[in-house]
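*Asks:* Chains as they are written, first to last, in this note's numbering: chain W, 1 to 241; chain L, 1 to 241.
No wet-lab data here; the hints were simulated from the structure. Please note that the accuracy of each hint is not assured.
Identical copies go unnamed one by one, so any copy, or any two together, can satisfy a pair.
[To be verified] Derived pair list, reagent style SDA-like, types lysine to any residue, alpha-carbon separation capped at 20 Å: (1) Lys-101 with Tyr-170; (2) Lys-112 with Gly-229; (3) Lys-79 with Val-160; (4) Lys-101 with Gly-27; (5) Lys-79 with Met-225; (6) Lys-219 with Gly-58; (7) Lys-102 with Ala-37; (8) Lys-102 with Glu-44; (9) Lys-101 with Glu-211; (10) Lys-79 with Leu-155; (11) Lys-102 with Gly-67; (12) Lys-102 with Ser-76; (13) Lys-112 with Asp-56; (14) Lys-101 with Val-140; (15) Lys-101 with Asp-150; (16) Lys-219 with Arg-49; (17) Lys-79 with Glu-159; (18) Lys-101 with Ser-186; (19) Lys-187 with Gly-206; (20) Lys-102 with Glu-173.
Just so we're clear, the structure is a prediction, and the values are computed from it rather than from any experiment.
Residue strings, one per chain:
2 protein chains.
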Amino acid sequence: MTYINKKCYFPCMTLKIDLCAIPLFQGLEPQYRALFADIAIEREFGRGRTIFSEGDPGTGFYVVASGRIKIFKLSSDGKEQILHIFGPGEPFGEAPVFSGKKFPANAEAIEKSRILYFPRDRFVDLVQNHPALALSIMAVLSERLHRFTDLVEQLSLKEVPGRLAAYFLYLSEHSGGQDTLDLDISKSQLASVLGTVPETFSRILGKMSKEGVISTDGKRSIRIMDRTGLEELADGTRRLS
Amino acid sequence: MTYINKKCYFPCMTLKIDLCAIPLFQGLEPQYRALFADIAIEREFGRGRTIFSEGDPGTGFYVVASGRIKIFKLSSDGKEQILHIFGPGEPFGEAPVFSGKKFPANAEAIEKSRILYFPRDRFVDLVQNHPALALSIMAVLSERLHRFTDLVEQLSLKEVPGRLAAYFLYLSEHSGGQDTLDLDISKSQLASVLGTVPETFSRILGKMSKEGVISTDGKRSIRIMDRTGLEELADGTRRLS
DNA sequence: CGTGCGCTTGACTTTTTTCAATAAAGGTGG
DNA sequence: CCACCTTTATTGAAAAAAGTCAAGCGCACG
């Protein structure tokens, strides 16, 4: 196991953050993992706290240790579009490290979170000497690109009911094909993920219930009643009346 | 100079594609560049020809040698969203090489183009032994992510007039601050880049002319008449009536 | 010289947002 | 434990933005 050893006022205290649990570092041989653990700095952010803002110089990147953070853009009149929501083990803010540009979006904790910070220069040095890690990073970046393609497709090519249906199916798929879905974020936040506003979101959820494709099962739980109907909504074959 | 040596029926013939002209390979020492030149395969595509389609397995990636290609998504009812347009020296289709997934979008030549193809396995081997190239690739991927962030912002947070204004300003900036802009793609294609349809595009162009922020200067040329006005449109401060 | 494709314009429909009001839920301090 | 306040969710009515359908124009190309 490779733990982060944070400097602190109680030298005997070792924080239990295991780099093995972070997919990014899993391709790495254990003895090298320690090198990365050494350069990491841990910080804690309360709910609603800003981790970085659009335009800040990217002096390093982050990994979520616990909690959840959102990456988002703001329009001039305050509307928010969430680009990603990251949980434990997921890296974020890594693009500026390699492109040399500034952060293109904002990052904020949506719940109390512990975050690892890897300073850019020392990290780049290490990456250059560990091709396995380089490939991991490329895989992460590629995966992000893939997600963005999907997001653009959703925003540009589908109407809100289609996006919502696709989202539910995605959620179901990533929880082993269950029909009961647990929304792990608030409905307002979900609206922002889907590129719309809470009012529209609420209305469409209502219509879906009325037409019997889903049923809302308490505050943060949804049940898929008619999977085929949902698939038709997702691909535009069917529309809500 | 490192040229591609294509196997062909006239062994003496050497195709004049210089890897030095491809930013991706510029960080590489010359003697290593030859290794990459060796694994490249050249192909030619006429206007409208498909290079790959969404869902194809990513057995390699491409670099534009000459011409231009578009990367796009299609909706179920045929609407197209262009994600990128790439010209000479630019790599594309590289994400699946590292993520191991399928192509998330389609690629098509918008004019007669020559394309270099780098097969995945041999390429990955080479990358692992050349950290400088790995960093280049990470830079390319990061740059793509940055562009996508902007695209999502445009699509989700701005109305069409704002997107168009931002596009004109971008074009101006990338041609040294000129007021006279050359649209190098058709207006329909531009509509697709901006996530809208030709009719809407045409109407908004008309309004912009009528309000005096731009003037259309022939078929593929635009002249910025009121840069401040355009900037206000781009950031949402001002709107067309 | 016609044919086709890209572009434009008008009229209409649909989708989504905005504004406003209300209701429900959650946390805090007394 | 409850009253209070803040946040979150829902609903209605009206406005705005964008898309669709249909027709017509013009230019390039065969």
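*Asks:* Taking each numbered hint in turn, which are not upheld by the structure, reported in ascending numerical order?
*Replies:* 2, 5, 6, 7, 8, 9, 11, 13, 16, 18
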